[in-house]
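Chains as they are written, first to last, in the working numbering: chain A, 15 to 900; chain B, 20 to 133.
Just so you know, these hints were derived from the structure itself, not from any lab. A few of these clues could be false.
Output of the computed footprint for chain A on chain B, the stretches with three or more beta carbons under 8 Å from beta carbons of chain A [as the list claims (entries may be wrong)]:
#1 68 to 75
#2 81 to 88
#3 107 to 121
With beta-carbon atoms standing in for the labels, derived distance ranges [as the list claims (entries may be wrong)]:
#4 A:Ser602 with B:Arg53: 51 to 61 Å
#5 A:Pro150 with B:Gln26: 29 to 39 Å
#6 A:Ala425 with B:Arg64: 38 to 48 Å
C-beta: ideal position from N, C-alpha, C; glycine also.
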Amino acid sequence: MSPRATRGYRALARILPAEFRERWSADLEEVLADRLRTAGTSRWRRARVWLSLACDIALLAWRERFGNNDTTPAPESHPSMQYLLQDLRYAARTLRHAPTFSAIAIGTLAVGIAAATATYSVVYPVLIQAPPYPDPDRLVVVWPAGNANRSMVALAEEDMSSLERVTGLSNWTLTLTGAGEPIELTATLVSPHHFEVLGVAPMRGRSFAPEEEAPANSGVVVVSFDFWMNVLGGDPEIVGKVINLAGAGHERREIIGVMPRHFEPYDPKTRVWVPLAGDPGLPFEEDPTWYVNTRIARLSSDATLSQATAEVRTHLAGIQRRAPQIYAAEDVADATVVALATDRAGSVGSALWAAFGAVSLVLMIVCANLANLFLSRGDGRQRELALRAAIGASRQRIGRLVLLETAIVGAAGGIAGVLAAHALVDLLVRLAPDDFPGISYVTVDGPVLGVALVATLLTTLVASLYPIQRAARANGTAAIAGGGRGAAAANRAGFGAALIGVQIALALIVTAGSGLMLRSLDALLAIDPGLDSNGVLAFRPNPPEGGYPDNDAFKRYYADVVERVRTLPGVESAGAIHLLPGTFGNWSFPTYPEGLEIQDGQAVPSINYRAVRPGYFRSVRIPLLVGRILQEADNADGEMVVVVNDSLARRFWPGGDAVGKNIHLFSPTSDPARIVGIVADVRQHSRSVEPLPEMYFSHDQVGRSGMAMWITARFESGDPLDRVDDVQQAVWRIDADVPIAGMQSLGNALEESTRSTRFLTTLLSGFAAIALCLGAVGVYGVTAYATGRRRAEFGVRLALGASRRGILGSAMRRSLAPVSIGIVAGLAGARLSTQLLRDAIYGVPVDDPVTMLSAPAVLALVAIAAAAFPAWRASRVDPVEVLNGD
Amino acid sequence: MSPAPSQFLPLHPLEFRILMTLNVGASYGASIVRQIEAQESSVGRLYPANLFRRIRDLTERGLLAETDRPEDADTRRTYVRLTDLGQDVLQAEARRLEALVRDARAHDLIGDAK
């Protein structure tokens, strides 16, 4: 067992009675070491081992100190049962008579449990729950994504012994017609054995057969449970029926299977799967199916991730040698095989762990606050409890009475917390971006409720251990005599102050994390995306390929749509682009700029490629820097031209003479495109990604059937979303069978890329607000308690001539001392914990001085404000009244 | 005179398992946990602290007794063995359970052993 684990265990074992500890400690340590060894490196399994041991030890400690040690089985009607019910009723009654205490204690616990439960429900499906497939640990994803075709998937399977089977996936959209308005469906093209790789079979019908990979046989579809129920009406005879599902080479497809209800598609938006079809036996260099985005594989039984990674690199190096334009050497060196679970968590994994950490700290603050509340309550009841002890109540019974009160608070707080968590989860799901990993599986159910229960039990138990022990050991005589100012009271005040220090330190860690996220969001929003999205509506009509079989018909359709929209009243300008900024697709091709010498073994630059219609630049106001933008005359009959962005011009022609130069795509001998203009850079995917070199080609020159375009329309005034109906009607007047997808303001599309950051910032800010409020309540409570105890002292000092300001200062100093210690400790903690946010922040360093100075300042102000009122009240005591009273 | 085994019945299931484990020979805390968890009918992970409390209680009630540890054993381990009384109680409890199972079978709750 590691020294850290040994230390952890010894700290835990301290709560056991000394005698038991001495006799059994070595055995307990041995069992723990056994279990940690079995748990391996899985953090989740190790946490379960520790949790189980903590519960075991805590229960035993309780039983040994207060419990009934009689081990003979209890007869059915034992008098202790009656006592228990009696005590339960009494505890409920006393709580009812202390409504302020009950409300604050239950409320505090409920806030903590709600925050923890809701956060856990978001974290659980992404980070903890294994992907819902058989033997999920062996499912892996090959990174980098993209840059693959169908033949490469087959080649990977042949080449690598560490990967048992590989399936390629490609995101696609298909058009469903014949059931009211045409619908655009998110589809995934998959290898025929896709479902076998995942290990899940359709609940009805069958999955794809190998021969359905051939284009002629590929007119089949497997549908999701949701699609079957909601679109196909749950028809039990659906298998074998044919639907109008256009795209990917077919107009109609036969339904061959329905996936089970809980099957999780790789892309959560997928509603149907169709074969990734292509001519068999093509060498990969000649296979045109370059749209395979993802490769999922099942590891062979004896292979490890690192072996698979090594093998993938060797395999890709072979591909790179055969076709250097596909992969750069550094891409091959960066290639890696990751577990499907890691791939699912995506880029938010570390930030979610940070959120989980933050909510755990909030829960600890709740613990400290509750402990302080229970202690104060114990002080108020000292005489009553001492009296009960004096007339014969056993220590055990008094301990039980206080425990029952705590249990009622715990149960009420836990239930209120879980109810609030339900509402909070709905809110979180609404706030989260659609593509936030696992967001569609977030729910408050079994495992999440289990965690809520454990969190409630632990929080209540930890918060009440010391107060209960103190109540059970109350010194009867002193309390009845009205004492309470002896060594025990001083200990209790010290304990309260220590709790404040801890609360402030924890609150500072949470506040600093949230401050850092806010600063990062601020930095992100301050970045100019390079275009003006105000007043621009964007949408994507997607004509079925069958209706527009040739490239010209397809291009003409979009030219008509842009023209119709442009002539609508109130529209200032309209254009089209095939990859809208802020949406996540990318096309990039090997490009040979004129004059660039490419050495042997050097990768050909792969440059981002966009097809646009002329009005695009005007409609989103991308400034022209040099030359001209594309125009209607740049059509199939004209000279092939291209507009490039500033980054491209600077990279290849730093002398500023890019206009007039030629660019060749795919091969240095292909037909050239002449650069006619340079436009400003646009942050295409996300504000946090630096602009890349980009080329804009005329849709009339490069557009082809199946290349769906986003229409951008700038309105002269008003909210563009108010004009959705007019626009749709105009588009449907051209062809009523074309589905229109993605209708939104361009601002919304651009915002999409910051929504994950916004979401995590909101989450952490919420925790920071809770932590600050709880910290304030804690400081207030401790100051009020301390000044209450020192009332007589203040009275005497005032009578002897001390100034009220001096008393105020003295009361404040005493309360703020633990606050300052907490702030210093919290700063150290914040420096360490903000490292977790490293991947989630942008534009600010993890030890950002502004955050590290302002978070403690905010916390100090809150603490001063919380301490000021009770301290001021203490300075207003009337010396005569106090002296008479004592 | 030692008390009658029947006074200790019924045994808590965990106590029964502890006695059964020690019927094979003397052992110590952590090893008893391991042996019980390895039993085919075991219900999974035990709470070790709770189990050690049971061992202590069984010792106090005279069903177990501390015994010398083997020469090469860790000196921090305390070995326990079954006393004669413990042996008698274990057998009595086993007979009681057997009778219970017979009754259950007579009531058709479970089938005949194959």
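Here is how each hint holds up against the structure:
Counting residues of the region 68 to 75 of chain B whose C-beta lies closer than 8 Å to any C-beta of chain A gives 6; at least three are required, and the coverage claim holds. A stretch counts as covered by a chain when three or more of its residues have a beta carbon under 8 Å from one of that chain; for the region 81 to 88 of chain B and chain A the count is 0, and the coverage is violated. Counting residues of the region 107 to 121 of chain B whose beta-carbon sits less than 8 Å from any beta-carbon of chain A gives 0, not enough to reach three: the coverage restraint is violated. About 59 Å separates the C-beta atoms of serine 602 of chain A and arginine 53 of chain B, a value consistent with the hinted range of 51 to 61 Å.
A hinted range of 29 to 39 Å for the beta carbons of proline 150 of chain A and glutamine 26 of chain B is inconsistent with their spacing of about 53 Å. Distance hint check: the CB atoms of alanine 425 of chain A and arginine 64 of chain B are about 26 Å apart, inconsistent with the given range 38 to 48 Å.
When the structure is compared with the earlier hints, violations turn up for hints 2, 3, 5, 6 and for no others.
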